[in-house]
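Asker: Could you build the full structure based on these sequences and the hints that come with them?
Residue numbers (this note's numbering), protein chains in the order written: chain R, 48 to 646; chain A, 48 to 646.
If you're looking for bench data, these hints aren't it; they were derived computationally from the structure.
The reader is advised that the hints may include incorrect statements.
One copy or two, either will do: identical chains are not told apart, so a pair holds if it fits within one copy or between any two.
To be verified - Calculated pairs, BS3-like style, for lysine-lysine (alpha carbon to alpha carbon, straight line, at most 30 Å):
id : residue 1 : residue 2
1  : Lys308    : Lys571
2  : Lys646    : Lys571
3  : Lys609    : Lys296
4  : Lys370    : Lys605
5  : Lys370    : Lys609
6  : Lys308    : Lys609
7  : Lys269    : Lys609
8  : Lys609    : Lys392
9  : Lys317    : Lys209
Protein chains: 2
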Amino acid sequence: MERVDFSRVEITGGFFKQKQDMVRNVTAKAVYDRFCDTNRFDAFKLDKNGVEPHVFWDSDVAKWVEGVAYLTSKKREAELEKIVDDLVLEIEKNQLECGYFNLHYVFTGKEHFVNRDHHELYCLGHFIEAGVAYYLATGKRKLLDLMIKYVDYVEKRFVTLKDTGFTTPGHEEIELALIRLYEVTKDERHLKLSQFFVDERGKKREDPKDYWCGGEYNQSHKGVREQDTAEGHSVRATYLYCAMADLAKKTGDVSLLNACKALFDSIAGKRMYITGSIGSSNQSESFTLDYDLPNLTAYTETCASIGLVLFAHRMLLLENDSKYADVIERAIYNGIMSGISLDGKGFYYTNPQELIPVLRERNHCVYENREYFPEPQRREVFECSCCPPNMVRFIPSIANLIYTTEGNTIYVHQFMESKAKLEIDGQSVEIEQKTNYPFDSKIEITVKGNANVCVRVPEWCDTVKAEENGYNSYKIEGSGVICLDYEMTPYLVEANPKVTDGCGKCAIMKGPLVYCMEEIDNGKYLRDITIPVNCQFKQGYDCDLDLPTIELGAYRRKPTDKLYQRLRGNYTEITAKLIPYFAILNRGVGEMQIWHNIK
Amino acid sequence: MERVDFSRVEITGGFFKQKQDMVRNVTAKAVYDRFCDTNRFDAFKLDKNGVEPHVFWDSDVAKWVEGVAYLTSKKREAELEKIVDDLVLEIEKNQLECGYFNLHYVFTGKEHFVNRDHHELYCLGHFIEAGVAYYLATGKRKLLDLMIKYVDYVEKRFVTLKDTGFTTPGHEEIELALIRLYEVTKDERHLKLSQFFVDERGKKREDPKDYWCGGEYNQSHKGVREQDTAEGHSVRATYLYCAMADLAKKTGDVSLLNACKALFDSIAGKRMYITGSIGSSNQSESFTLDYDLPNLTAYTETCASIGLVLFAHRMLLLENDSKYADVIERAIYNGIMSGISLDGKGFYYTNPQELIPVLRERNHCVYENREYFPEPQRREVFECSCCPPNMVRFIPSIANLIYTTEGNTIYVHQFMESKAKLEIDGQSVEIEQKTNYPFDSKIEITVKGNANVCVRVPEWCDTVKAEENGYNSYKIEGSGVICLDYEMTPYLVEANPKVTDGCGKCAIMKGPLVYCMEEIDNGKYLRDITIPVNCQFKQGYDCDLDLPTIELGAYRRKPTDKLYQRLRGNYTEITAKLIPYFAILNRGVGEMQIWHNIK
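Answerer: And the structure:
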């Protein structure tokens, strides 16, 4: 299976067109402004009198640059390009003779490659991706060349001299970046270096005494081919799995492929929230145990869901199974898009699975603020601000996820109003989608050319059966139109009985969208709302959000002064209102709930 | 209202007779043996080559001595008395010239009264209680006199010289102990010193930078009369409230009384588990917020429930309201008695409100074991082993809780098979209870003498109405028999809608007993069991536990491999078996659940 780069696909309308326009018109500049406020751009001047840069600042800016490259590849953005060009000049000026470049280390003059958890190679990885993207978008090679020089230095230190304080980086990213670099340079050394970092991981326990530098936290508990459960920091994990999948694809390494399959199933089958979010614990921002998906204390970072999508997309290139595209769909419409506010300026680093803001006050009563509950409001920038620029690069390149091809077959994985021109079997085929997905169930796919078109039947759809691996195929000769209707009526979802927090509860979805309740619509104490299993759904609309809503008849108990009392069954009928989960926390602080009591 | 000391009451049969026999025959010796194993008794030799004693070891042993005194007051225990007498000789030998005595400080030679959190006055308090009890039980004054000498030194340092590093102790206990001392010595200085420590608390912020030494953690956030919500470490809190209630009683201080009423209502109305357990958070072992009663992570130490009972008992002497006796009943049959195993040798320090043992493995995945879930098994001794000896003193003196008197009225607060000889209005009255409470609803109270007998109608009872303040009164002239039947059929209980973890759930009680499910009877994944609100209860019996059980028809979902799926309503009918909560974890490790999903 071959990937279809977003450069060949134009999103022309609908949900993601609106999001792409928002990133272009608002988010890119807003993130830049906040990064300026917080010295992230000035830091590249490496003024010794300036603020000491944090070890991961390079990566924040690099992801932003990558995002600008994607925007500019579709339509030039002179102002943003100027910022990048100026930045690249600063990098060129401050890159060390040997090729090394890292804001924190160049600023402080500390010894390179000693602390495994200090993100040097992670930062390089993101600048490689930025360099590749900027080159492909603009033809400007300077950033790419600077990073190639840095990669040469890394290879010398880690592979040739082996004189570094660790063998593989504490935060993965460079592994997948080197493969992207290889795709542009065709230099086998870049592929080999990626392989080196992947193969060496977990072979020996590095820094066994330091939690942050060894073991499961950064997937170093065993060799990558022996790993079959998703462990540790969930962003690091998914970035590693991306590289493993890439290498399996490039090299045909079956043991890597099998590890990737097991790791994907571990996540999607046992360790993923209904929103496509991952990372059950804020402690270590990590995966925990099978079916351990606590709602109130979920960490579920935006970057982790993005990492999961990047991994799932790579798996689609290795195995013809709609389960990968289903996970992508689940994440992009829920746990990723919840990471950015509707106005494009506010972000969630962690995407709450349940919010009861008052519980955060528990920390006033206890030592060291050790009780974790997610913040009940969005922020424009974070101290560790990886998620906002990740959105700046993810949304403009989201069309990557729509198609793959294999021989004369086009796989349609995602439904977005778009036009694409693909090359299959040496022929040009045009494919156009008309749809208001995910709000409307109708999809019209117009194909011009000869092709076998395999269209995914979403996992949630129970009115259309799939022929094979979750896809239905349509043979198009000359031209043709495929009209689909994956009927969308709201439905109740249950979690596996082993999911502690899902028992006795249900979630409400419509199509791929998870819906949730917010306090602003339903009052406080959302936990006390009970939904009858045979509830009647009514379509609604919220003017402030400009989004469809779901209304249904539900129950609340009457207030009482008693702490405990004989069960009275003293219910009040109410109309509960649910909004799409991705739109949470756009209307102030309050409770939020995905899983509701049923009876 | 006057208290009726347990010395006047003989428990002759039933539930607590069995517990008292167990403490006499098993527990007292078992706790002693474990304390010997852990050097707690040898420590009193203060051998400089021995193990350094912990700052709270004195109190562990003192509570055990107090328990031995209570046992011996009913029937001499030569062997145990010998241990106490030897111990007292060691204390006499090692008490400093000035009167000071504390294992840790005498052993280390550190400066006294510098660290507010180091339990010196807490330890003294427990040894005062032990000295008083041992004197009253045996007539032997030595321990009492040694402690009086120590109290003189404390008064000199804290009140006269004011040269100590703190004004009031970090862990309350001495306040209530000094009042017990005053009751024996009639020395006003002892009452005044108690008053001093109570009055000074919270007047100024001691050690504002040290969490453990100031603020809410040890009820020092404001003057005690301004406190109206129960805050901080729940054992410390209730011990303080005991002294406040005692002082209100002794001095008629209305502002103290009002604070006590508010604090009691704060606990019983908003911050108490259904088991009468308190302390919602293991972080700081503390109260948290109104209605914040998480089950999985509850701390709910045995000592805290004992403290709550001691406080409620004192409130009964101040205000004629059955709510205090109701809380006592709730705690003694549930959250306190769960603290000791059925064989009398195993203990719970924290009494779980829900157990899912697998979740403890979350800590293998995260940094610093920061996720707290209670241990799923009992221990014979703890590093901080305050709870086991607290049971050794609490159970033998539990008859304190049965009666109070006022003029010629006898209040019957608790129902235990027992005989008592009371003095009211200068007359002797005999009162005898025959009952198998809490397993049987019938209570026969035989009174010989003239008295007005006010019998509590338990809060849970819905077949008998109470005339006034929760009591029904019976006028007895010469003699009479009061026959009661507080019909006991199992019933479902709901928590206030504001209790997050109670929503959509119910507990099952019968009489005052909370029942729960254990994994050994119902399999894993207890959370997935759903109880119909109209379930039929069946009385059962467990031979291993030798206890009644409740059986009822319930539902479980069928297993599935899916992590999420459309709600199937795919239920299997099961018979759920519940055991009395106090008998948890007597049959190995496993899940335990009090609150069940309902539909």
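Asker: Take the hints in turn and mark each one as holding or not.
Answerer: Hints and how they fare:
no., hint, verdict
1, Lys308 - Lys571, "between (42 Å within a copy, 29 Å between copies)"
2, Lys646 - Lys571, "both (20 Å within a copy, 22 Å between copies)"
3, Lys609 - Lys296, "between (63 Å within a copy, 28 Å between copies)"
4, Lys370 - Lys605, "between (44 Å within a copy, 23 Å between copies)"
5, Lys370 - Lys609, "between (49 Å within a copy, 12 Å between copies)"
6, Lys308 - Lys609, "between (52 Å within a copy, 17 Å between copies)"
7, Lys269 - Lys609, "between (54 Å within a copy, 28 Å between copies)"
8, Lys609 - Lys392, "neither (44 Å within a copy, 36 Å between copies)"
9, Lys317 - Lys209, "neither (39 Å within a copy, 62 Å between copies)"
Hint violations for this structure: numbers 8 and 9, all remaining hints satisfied.
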